[in-house]
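There are 2 protein chains.
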Amino acid sequence: MQQRIEADYLIETAIDVRKAAEIMAGEQSSGTFIALPLETPDLIERSAARVEHVEEIDTVAAPSLPGATGDQGKGWQRAKVTLSWPFETLGASLPNLVSTVAGNLYELRPFSGLRLLDIRLPEAFATAYPGPRFGVAGTRALTGVQEGPVIGTIVKPSVGLNAEGTAELVATLAGAGIDFVKDDELQSDGSACPFADRASAVMRVINELADRTGKKVMFAFNLTGEIDEMRRRHDLVRDLGGTCVMVNLNSVGVSGFLGLSRHSELPIHAHRNGWGYLSRHPALGWSYTAWSKIWRLAGADHMHVNGLANKFCEDDASVLASATAQLTPIWKAKPCIAMPVFSSGQTVLQPPETYRGLGTTDLIYAAGGGIMGHPDGVAAGVESLREAWAAAVAGEDPDDRATRHPHLARALAQARGR
Amino acid sequence: MQQRIEADYLIETAIDVRKAAEIMAGEQSSGTFIALPLETPDLIERSAARVEHVEEIDTVAAPSLPGATGDQGKGWQRAKVTLSWPFETLGASLPNLVSTVAGNLYELRPFSGLRLLDIRLPEAFATAYPGPRFGVAGTRALTGVQEGPVIGTIVKPSVGLNAEGTAELVATLAGAGIDFVKDDELQSDGSACPFADRASAVMRVINELADRTGKKVMFAFNLTGEIDEMRRRHDLVRDLGGTCVMVNLNSVGVSGFLGLSRHSELPIHAHRNGWGYLSRHPALGWSYTAWSKIWRLAGADHMHVNGLANKFCEDDASVLASATAQLTPIWKAKPCIAMPVFSSGQTVLQPPETYRGLGTTDLIYAAGGGIMGHPDGVAAGVESLREAWAAAVAGEDPDDRATRHPHLARALAQARGR
Chain A
1257 MQQRIEADYL IETAIDVRKA AEIMAGEQSS GTFIALPLET PDLIERSAAR
1307 VEHVEEIDTV AAPSLPGATG DQGKGWQRAK VTLSWPFETL GASLPNLVST
1357 VAGNLYELRP FSGLRLLDIR LPEAFATAYP GPRFGVAGTR ALTGVQEGPV
1407 IGTIVKPSVG LNAEGTAELV ATLAGAGIDF VKDDELQSDG SACPFADRAS
1457 AVMRVINELA DRTGKKVMFA FNLTGEIDEM RRRHDLVRDL GGTCVMVNLN
1507 SVGVSGFLGL SRHSELPIHA HRNGWGYLSR HPALGWSYTA WSKIWRLAGA
1557 DHMHVNGLAN KFCEDDASVL ASATAQLTPI WKAKPCIAMP VFSSGQTVLQ
1607 PPETYRGLGT TDLIYAAGGG IMGHPDGVAA GVESLREAWA AAVAGEDPDD
1657 RATRHPHLAR ALAQARGR
Chain B
1257 MQQRIEADYL IETAIDVRKA AEIMAGEQSS GTFIALPLET PDLIERSAAR
1307 VEHVEEIDTV AAPSLPGATG DQGKGWQRAK VTLSWPFETL GASLPNLVST
1357 VAGNLYELRP FSGLRLLDIR LPEAFATAYP GPRFGVAGTR ALTGVQEGPV
1407 IGTIVKPSVG LNAEGTAELV ATLAGAGIDF VKDDELQSDG SACPFADRAS
1457 AVMRVINELA DRTGKKVMFA FNLTGEIDEM RRRHDLVRDL GGTCVMVNLN
1507 SVGVSGFLGL SRHSELPIHA HRNGWGYLSR HPALGWSYTA WSKIWRLAGA
1557 DHMHVNGLAN KFCEDDASVL ASATAQLTPI WKAKPCIAMP VFSSGQTVLQ
1607 PPETYRGLGT TDLIYAAGGG IMGHPDGVAA GVESLREAWA AAVAGEDPDD
1657 RATRHPHLAR ALAQARGR
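In order, the protein sequences belong to chains A and B. Residue numbering for the first sequence follows the working numbering, starting at 1257 and increasing by one per position. Residue numbering for the second sequence follows the working numbering, starting at 1257 and increasing by one per position.
FYI, nobody ran anything at the bench for these hints, they're computed from the structure. Any given hint might turn out to be false.
In this list, chains with the same sequence are indistinguishable; a pair is considered to hold if it fits within one copy or across any two.
List of simulated lysine-lysine pairs, DSSO-like, C-alpha gap at most 30 Å [claimed, not checked]:
1. Lys1567 / Lys1275
2. Lys1330 / Lys1567
3. Lys1275 / Lys1471
Source: prediction; values computed, not measured.
All chains should be built: construct the whole structure from the sequences, respecting the hints.
Structure representation (structure tokens):
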């Protein structure tokens, strides 16, 4: 059983990589830049971080990040490094874990690149933290989607609709058979669309339809705010019969999120907006695998992963790695599986590759234009996405299936024509 | 009076910079990648973000960040761009402000660089948020330091001392006349040095000395954790007669911090560890000016700014800009001045340049080796720093002053010999 905290990093340095790793370990535990009189051998044995593994990768001619020292004209060595820390220094505390594995490291002078790739934690963290309370099974139970992906969309325009306007749009989407709708991440509780008004108006629509048809659309209400606000908004959603809340992770932070999560009785849809500033440079910041483990453990049920052939900078391999990470157990006894949320430019074109890469339909597939823009209407948009996924799962050419499903045929033509 | 929210960015793009700015504004308000049926002219007028200003800077040959599209072989244009948002969309909410000004922007494809430089907020934010409750005046009152910088140090080794070991070190430092001591950012509440034990042991030492001498050392106890933990630890420190708590901003997040700050009756010492992953690449992330405004408004009393000739990658101009930003009013009626904390390799050498750059001694000057390592002992280390600062303020050559102050002379020799 794992007793120490471990973290893997990609580093880039002009000095000896083993020495560079030792500098990281020193800075992030008992050491500092100078010799310390109280740093005794016994204290080091008890408290110091250890270099567990160093694996050289390759050498690059120019430093990836400015400001690094140590250039000897022999290029900049890249390596994968694993450090470990004694559990006793911080205990099972996610906020303090962040300080330990991602603290004052990124500005250390010998490094022209430093990125956190992964973390492994003692099982005491599994006991101390809730993990996703709903995850895949809970989301399927609440949406009634027992097979295939949960088909979802986003309220658009992102901002500008008032509560009644939002509810009207939801009525259209719910009437078209959608499983899931989310607020935009920019929409929380401004005076132009107050949270309580929006929640009441939207849930009136959703509850009425559920009473008539038995199908309750899951709406992720963006309650991003301060702790007391988030708890109050959560309670309102719950009392109105809602089945999901949404929060912007980078806007509330780990302790902010836990203030909601430990209180929550609903699935938490976790939005990663701002992720770009943590990850856009490949030699800096966080990998999504490492970062998402923090939030999964803290209780995120749905984690955004972008989508294949998306409208942002991220390539497909990175998207699939992020999604696979959400579906990979953290511990056997406590897997903390979060449902990956695919979005950004998703249409009927991406299901085959997405399914090939992931091997499961345990995901939320959110499309905007692919649903709202279908030439035969919103219901045809939803249906064409379900058919595209059914073809992907069956290993069938979508165009073959389209010969029997005209809505899929038109969706394919539209998506390819764009 | 400012009615809209404004943000300045550094951008780098191969497309027309005005068009690039419009894409940012669209993505971060009512627009998206596709035309929206509900996005009416009236809705846009009410809700859209606006491009307020575009100012071209220069052109670079290669993209600063990978993944950007639009290259036409004419280089990558850098520009300063100002966007604005209607207040009504989000209201006076710091968490939602973060989603708005630093959300899904950094991954937009036309950008090979995007960095948030500054933000300007309507005064409703000044009413909604506390700002620093103690700041410079409160910190001076509590430490009894009416002139010159507050001289501080850090408990070292960073981790590994138990509660009693920490208290013994504090006894030495307090006996030597230090004004301020802080926990290491890696030390919060592990079983190797539990928070309650450490706070009790340290405050016993500090209170005894205060009873004897009238001078109470300010100790910043690192209470980083979940909301309830932080509040409980804060209450303990207050009840023990402590005068400061410390929190790692990136570990708790904005909503986490506010959960502490709205409860706090003590100065909050805000640590920025992890700042490197938000800022190390000059064309990505956040400027400290923008980022620190969020925390100052949320109630941070002390903000870390690194130090001149520091041991990390940051250059002196950046350090001085960060420090100056903390001392620059956000609003005339509510300045939200936080006390800048200089640390990292600080000795008797940096006061002249620091004072020249800043023009004030309203700061905390934290030295480790410069105090603990003085050849004549810790008291001599503290005294030499005070003398170095007195010389800086008087415009006196430190070596001239050193002829009258042998402790300063030895400290200068030691620092230069390093």
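Hint check results:
With identical chains, the CA atoms of Lys1567 and Lys1275 are at most 30 Å apart between copies only, with a shortest distance of 17 Å across copies and 41 Å within one. For the homomeric pair Lys1330 and Lys1567, the shortest alpha-carbon distance between copies (23 Å) is at most 30 Å, but the shortest distance inside one copy (38 Å) is not. Proximity of Lys1275 to Lys1471 under the C-alpha cut-off of 30 Å is found in neither arrangement, the shortest distances being 60 Å within a copy and 43 Å between copies.
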